[in-house]
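Number of protein chains: 4
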Amino acid sequence: MAGNTFGNLFKLTTFGESHGVAIGGVLDGCPAGIKIDLDAVQHELNRRKPGQSSIVTQRKEPDTVEFFSGIFDGKTTGTPIGFAIRNTNQKSNDYSHIKDSYRPSHADYVYDQKYGFRDYRGGGRSSARETASRVVAGAIAKQFLSSIKINAFVSQVGDLRLEKHYQDLDLSLTESNPVRCPDPEMARQMEAYIKEVRKEGDTVGGVITGVAQHVPIGLGEPVFDKLHAELGKAMLSINAVKGFEYGSGFEGVKMKGSAHNDQFNSDGSTKTNYSGGIQGGISNGMDIYFNIAFKPVATVIQGYETIDKEGNTVQTKGKGRHDPCVVPRAVPIVEAMTALVLADYSLLNRTIKL
Amino acid sequence: MAGNTFGNLFKLTTFGESHGVAIGGVLDGCPAGIKIDLDAVQHELNRRKPGQSSIVTQRKEPDTVEFFSGIFDGKTTGTPIGFAIRNTNQKSNDYSHIKDSYRPSHADYVYDQKYGFRDYRGGGRSSARETASRVVAGAIAKQFLSSIKINAFVSQVGDLRLEKHYQDLDLSLTESNPVRCPDPEMARQMEAYIKEVRKEGDTVGGVITGVAQHVPIGLGEPVFDKLHAELGKAMLSINAVKGFEYGSGFEGVKMKGSAHNDQFNSDGSTKTNYSGGIQGGISNGMDIYFNIAFKPVATVIQGYETIDKEGNTVQTKGKGRHDPCVVPRAVPIVEAMTALVLADYSLLNRTIKL
Amino acid sequence: MAGNTFGNLFKLTTFGESHGVAIGGVLDGCPAGIKIDLDAVQHELNRRKPGQSSIVTQRKEPDTVEFFSGIFDGKTTGTPIGFAIRNTNQKSNDYSHIKDSYRPSHADYVYDQKYGFRDYRGGGRSSARETASRVVAGAIAKQFLSSIKINAFVSQVGDLRLEKHYQDLDLSLTESNPVRCPDPEMARQMEAYIKEVRKEGDTVGGVITGVAQHVPIGLGEPVFDKLHAELGKAMLSINAVKGFEYGSGFEGVKMKGSAHNDQFNSDGSTKTNYSGGIQGGISNGMDIYFNIAFKPVATVIQGYETIDKEGNTVQTKGKGRHDPCVVPRAVPIVEAMTALVLADYSLLNRTIKL
Amino acid sequence: MAGNTFGNLFKLTTFGESHGVAIGGVLDGCPAGIKIDLDAVQHELNRRKPGQSSIVTQRKEPDTVEFFSGIFDGKTTGTPIGFAIRNTNQKSNDYSHIKDSYRPSHADYVYDQKYGFRDYRGGGRSSARETASRVVAGAIAKQFLSSIKINAFVSQVGDLRLEKHYQDLDLSLTESNPVRCPDPEMARQMEAYIKEVRKEGDTVGGVITGVAQHVPIGLGEPVFDKLHAELGKAMLSINAVKGFEYGSGFEGVKMKGSAHNDQFNSDGSTKTNYSGGIQGGISNGMDIYFNIAFKPVATVIQGYETIDKEGNTVQTKGKGRHDPCVVPRAVPIVEAMTALVLADYSLLNRTIKL
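Chains as they are written, first to last, in my numbering: chain D, 1 to 354; chain B, 1 to 354; chain U, 1 to 354; chain Y, 1 to 354.
Hints listed in this document are in silico derivations from the structure and should not be mistaken for laboratory results.
Some clues are possibly wrong.
Which copy? The list can't say, so a pair holds if one copy fits it or any two copies do.
[Unchecked claim] Below, a list of computed lysine-lysine pairs in the DSSO-like style, where the Cα atoms sit at most 30 Å apart:
| hint | residue 1 | residue 2 |
| --- | --- | --- |
| 1 | Lys-353 | Lys-75 |
| 2 | Lys-35 | Lys-353 |
| 3 | Lys-199 | Lys-99 |
| 4 | Lys-256 | Lys-309 |
| 5 | Lys-149 | Lys-309 |
| 6 | Lys-271 | Lys-256 |
| 7 | Lys-309 | Lys-195 |
| 8 | Lys-256 | Lys-35 |
| 9 | Lys-353 | Lys-149 |
| 10 | Lys-195 | Lys-60 |
| 11 | Lys-317 | Lys-164 |
| 12 | Lys-317 | Lys-35 |
| 13 | Lys-271 | Lys-75 |
| 14 | Lys-317 | Lys-256 |
| 15 | Lys-164 | Lys-256 |
| 16 | Lys-99 | Lys-271 |
As the structure is a computational prediction, the values presented were derived from the model and not from experiment.
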């Protein structure tokens with residue numbers, strides 16, 4: 001209930017602070033008999049890890065996952081999969097300056113207010129480092145869902161917005177550049193812009209688009225647990241996310257019903273897909289696609305004014321090694337959360353008919 | 001797990017099809033000792049009910065709620081509050097035309113695929129009629145949260161968008177017009193536009209803005225159950241919703257961190273509120289505000305082509321009495337879901353400290 | 001979380017006080033496509049209802065269930081099944097004498113202490129009347145589990161204990177007498193004893209034995225949700241239950257492992273069944289059997305001394321129409337709870353393998 | 001849902017197989033601000049660990065717990081407490097003889113049937129080694145519940161039954177002997193008997209009595225989550241447990257209501273305590289006490305006949321180092337589960353009143 005568990009049947013519980021001993025998790029409810037490719041898991045972690053390119057934080061963390069249980073003879077056993085990633089590069093000294101003051105638009109202030117005190121080192125539990133555990137579990141979910149294709153990519157950085165629809169892009173190009181934008185020209189512009197922002201000691205926001213293809217018809221539970229409601233919650237739970245829309249999204253509100261309705265083909269597929277692959281909260285077999293808004297990273301290296309615990313004004317500035325823009329490293333996290341939702345709802349969907 | 005329950009501690013389970021005997025619910029976990037104003041509950045239901053103005057569906061349903069339990073001597077007892085609303089105006093004949101065919105962008109097709117068959121009368125469980133039960137529970141949640149002020153209003157209908165920020169509006173005017181837009185001039189334009197669309201036998205989408213004020217600091221659980229993640233799920237679970245954003249939302253991605261960061265005042269409040277009252281998933285005492293995108297209603301009265309169960313093309317058109325635009329009646333639903341989330345997270349927050 | 005929901009996937013939420021408007025519930029997660037025999041549901045309710053014989057309470061309640069939703073064309077639709085049973089025979093006056101005093105070994109005192117006040121009429125939510133809702137849901141679960149045979153019977157009343165093992169009894173005789181003991185001679189003795197106790201204005205306890213046959217291998221989840229742990233919780237949640245044992249139970253502690261171990265036959269069945277059909281928390285295909293201890297009903301008609309809200313001693317005596325022994329009417333409740341557990345665990349078991 | 005999580009708000013998820021890399025868990029929902037005495041945690045683990053005396057298994061496992069998160073500056077932070085205990089003494093070779101055959105009354109057969117295959121080394125997930133993780137979490141729960149006194153002790157081994165009521169015993173003597181029976185004379189007899197049984201290569205069952213004192217009034221949720229129902233589930237989830245009774249238990253069924261009812265003193269306490277400290281599922285402030293039946297350990301060192309995967313009869317015998325009687329080492333486990341239930345229900349009870 002304290003909010004560190006995600007999923008109903010395919011259920012991930014994570015633990016760990018950014019500067020504690022380790023982060024990790026327990027994935028419970030993963031069906032028995034899935035062949036696990038551990039290299040593929042580590043590969044996903046590497047996509048998320050710091051230091052992978054010149055436009056992300058230059059911290060060096062190997063982010064090597066150790067599995068404790070639940071996998072035997074190369075296959076999942078149906079028992080909980082416990083795992084941990086040691087924190088090896090934590091420089092707690094980087095954070096002594098924030099021990100007694102509150103960084104604007106961070107969680108420092110609310111943690112102190114809520115719990116009475118906080119592990120102030122690097123954001124502690126509120127650090128995006130926690131998402132590495134999601135990537136581990138998501139990588140296992142992807143292997144369970146091998147017939148579903150899940151892709152995410154960067155579609156906007158600051159004002160630079162990729163106007164092409166995902167169907168007009170070659171998503172295999174996403175990993176070909178450090179921004180993770182599948183349009184090479186736009187990727188170059190975004191990269192240049194991120195570097196410029198970093199030089200200013202500033203940060204900028206962005207949008208990630210997620211796409212899930214070959215999703216079977218029928219995933220999603222009526223009423224409160226609609227598939228897109230759970231996807232939305234999954235995405236909104238990622239650090240720095242401010243918005244979620246699927247299918248026609250916010251643009252769709254301007255349309256009329258006669259134009260927005262997706263007419264059927266005789267096989268049940270639809271001629272258009274404003275629905276975004278979900279109708280009445282249930283997947284209809286068409287592609288599921290959605291956009292996620294990420295705010296600019298709160299840690300800026302520029303000097304700024306803030307308050308300490310007593311409310312006194314203090315001058316400070318960001319230290320340490322931070323991302324100027326969060327979206328490139330968030331792509332694998334979005335894919336992981338998508339996989340976790342689809343794995344969970346696949347299991348739920350096994351129980352709904354005689 | 002079948003998706004008809006919302007909340008962790010303040011927990012609503014709903015039941016009922018639009019054309020069955022009754023809809024209703026059980027509200028469990030409502031604390032003991034809350035004085036319940038039953039008229040206020042019915043008042044909220046009346047704000048949602050059909051036939052209340054010329055721009056909404058002309059169905060007549062009294063939507064009178066009967067409470068079965070959990071209230072004694074005018075106060076909640078701490079035991080589950082069971083309630084039902086009889087369906088009195090169902091004209092099942094209105095739906096015989098869709099028994100064997102699938103309305104585009106409705107849930108007909110996916111329900112048949114998922115469950116093997118469906119209660120085809122009026123959408124059954126997928127009908128927005130279900131939300132009346134949420135309004136009942138939300139009205140009780142509001143009484144529990146009496147010190148928090150929850151307001152929702154229509155901020156966009158089709159292209160007509162209210163550019164004013166909620167702080168520049170007099171929210172007490174929301175109920176002064178059938179659109180539920182607190183800007184009288186914009187309300188007039190929206191009303192005229194909805195009537196025009198209705199004349200065409202068509203429908204149009206819209207946006208509702210929600211605002212919660214005087215929310216105590218500390219609501220929201222770290223990581224997966226961030227306050228805005230749960231709010232997002234709550235809103236995305238409402239029929240026809242396609243998107244959710246809070247605080248700076250999708251616009252915020254264009255900003256730089258130095259501008260987007262909310263600088264502190266000495267009392268812990270912030271000079272700006274791009275965070276939308278939530279930092280790190282936890283309320284910080286500032287106003288919580290968010291936007292919700294609603295697609296155009298799928299039932300259009302114009303003739304259209306669709307398929308039957310065998311995949312044959314059939315000509316049909318919408319019958320019955322439908323809303324040309326869903327947002328005016330959705331305002332109390334948005335408020336109800338907001339109240340349910342805040343009530344639940346208020347209870348959760350009682351358990352987090354020694 | 002307030003304790004009115006049972007089950008993970010096949011999930012019953014009940015509501016209602018004994019002297020409120022109605023009791024009832026919502027059964028969520030019942031798979032679609034089950035043909036529902038409504039007479040069979042009412043039949044189970046009739047087995048539990050007051051006034052059915054001379055050895056139970058003489059209150060007259062028709063206990064007629066009304067279904068609101070979730071059943072269409074005679075089959076479950078996969079949506080929540082809402083239902084209610086009106087309270088028609090409540091004589092609240094019978095309870096005015098306990099408004100301000102506390103009956104010994106009832107829940108009056110603890111409810112007042114926990115919630116600050118209580119619905120004092122007939123025990124309110126703590127009345128065993130609540131179990132009628134369980135019987136409704138259990139009757140549906142039985143229809144879902146049609147290949148599993150669930151039987152409960154009275155095996156002890158006071159000192160009168162049926163020494164025969166369930167395998168040496170003809171369980172079809174259970175309903176042939178008002179005690180619901182399948183041994184006719186013992187049933188006669190028990191009936192006579194209950195009548196004697198009633199004449200004294202007193203009450204007596206008893207034991208019910210439950211048996212589930214043809215349970216598939218594999219039901220039960222490792223560690224915390226072992227099948228017998230959930231069965232135990234289910235039974236201990238029934239009013240007046242003080243103990244639960246399965247298989248060899250408390251007697252088994254005296255045995256040595258070499259004698260207690262159930263040796264295998266070549267088909268995986270076992271030569272003995274001290275395990276009670278469950279090993280490591282998982283059903284092994286053998287009969288599941290268990291005993292449940294019920295304390296003597298707390299409401300005695302004899303005069304007794306107790307305290308009022310201020311702690312003053314008051315003289316009072318039981319009024320109204322009460323059961324001298326709870327076990328005959330509890331037999332269908334035990335069967336219902338068994339069915340709910342097995343239905344839930346059958347659904348869970350669909351999700352555990354690739 | 002896969003059964004590896006216990007608790008609603010104070011919530012433990014465990015992972016790990018007996019012969020995998022490590023066992024451990026995540027304790028989520030532990031309130032912030034509890035001072036943690038890590039030595040006290042290790043002390044509880046030592047009470048459970050193998051090799052501690054001559055009447056338990058002679059395996060040597062240091063059972064040293066490593067905490068990963070959730071504790072900072074010696075206090076809980078309100079974030080999840082992740083921990084692990086490395087498996088250091090696993091001798092997998094001890095188990096090669098059971099790879100393809102099924103030990104009677106173990107979980108080998110049902111795991112293979114349920115999941116399709118199993119980690120056969122030492123029982124894997126079904127090993128009682130898992131309970132070490134419960135002891136860790138229970139030790140933290142005890143520190144949270146510092147004002148409640150929780151004691152368990154051995155009250156029966158085979159036929160040797162301590163007839164004294166817990167109130168007539170000096171519970172501080174429990175740890176003075178390897179059996180953990182607070183009656184020195186009975187402890188001596190039990191110890192001698194266990195040694196005799198071990199010499200025979202056999203095993204024997206036993207009973208543990210649990211007592212919780214100074215429990216506040218009001219813990220327990222009505223209907224399905226009665227305090228004793230959750231306690232019962234907690235205990236029944238411990239390996240080898242076959243029965244649970246509280247208060248008057250199975251003996252109470254023989255009593256009449258007039259004798260069994262606990263008459264009030266003027267302060268709300270009761271003159272007798274047949275209720276076992278719980279009425280209507282809610283603690284009434286009196287001592288909570290209960291008995292738990294443990295079957296004889298299934299692993300006997302004597303030779304026996306069993307079947308292999310193909311159903312062929314094979315001759316085998318137990319190898320390795322096993323407990324001749326499980327109850328001495330199960331005492332801290334019973335205390336841990338008691339603490340987990342009371343911690344969880346203490347938090348739940350914070351949410352039930354305005």
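Here's how the hints hold up against the structure:
Proximity of Lys-353 and Lys-75 under a CA criterion of 30 Å is satisfied in both settings, with 28 Å inside one chain copy and 11 Å between copies. For the homomeric pair Lys-35 and Lys-353, the shortest alpha-carbon distances inside one copy (28 Å) and between copies (12 Å) are both at most 30 Å. Taking the shortest alpha-carbon separations for Lys-199 and Lys-99, only the intra-copy value of 27 Å comes in at or below 30 Å, while the best inter-copy value is 62 Å. Taking the shortest alpha-carbon separations for Lys-256 and Lys-309, only the inter-copy value of 26 Å comes in at or below 30 Å, while the best intra-copy value is 52 Å.
When the C-alpha separation of Lys-149 and Lys-309 is checked against a cutoff of 30 Å, the pair qualifies only between copies, where the shortest distance is 28 Å, while the shortest distance within a copy is 48 Å. Within a single copy, Lys-271 and Lys-256 get their C-alpha atoms as close as 17 Å, which meets the 30 Å cut-off; across copies the closest is 40 Å, which misses it. In the homo-oligomer, the alpha carbons of Lys-309 and Lys-195 never lie at most 30 Å apart, since the shortest distance is 34 Å inside one protomer and 55 Å across protomers. Proximity of Lys-256 and Lys-35 under a CA criterion of 30 Å is satisfied in neither setting, with 47 Å inside one chain copy and 41 Å between copies.
In this assembly of identical chains, the alpha carbons of Lys-353 and Lys-149 lie at most 30 Å apart whether taken from the same copy (26 Å) or from different copies (21 Å). When the C-alpha separation of Lys-195 and Lys-60 is checked against a cutoff of 30 Å, the pair qualifies only within one copy, where the shortest distance is 19 Å, while the shortest distance between copies is 57 Å. In this assembly of identical chains, the alpha carbons of Lys-317 and Lys-164 never lie at most 30 Å apart, being 38 Å within a copy and 34 Å across copies at closest. Taking the closest pair of Cα atoms, Lys-317 and Lys-35 never come within 30 Å of each other, the shortest separation being 48 Å inside a single copy and 33 Å across copies.
Taking the closest pair of Cα atoms, Lys-271 and Lys-75 never come within 30 Å of each other, the shortest separation being 41 Å inside a single copy and 33 Å across copies. In this assembly of identical chains, Lys-317 and Lys-256 lie within 30 Å of each other by CA distance solely across copies; the values are 16 Å between and 49 Å within a copy. Proximity of Lys-164 to Lys-256 under the C-alpha cut-off of 30 Å is found in both arrangements, the shortest distances being 23 Å within a copy and 24 Å between copies. Taking CA atoms no more than 30 Å apart as the test, Lys-99 paired with Lys-271 passes between copies only; the shortest distance there is 22 Å, against 57 Å inside one copy.
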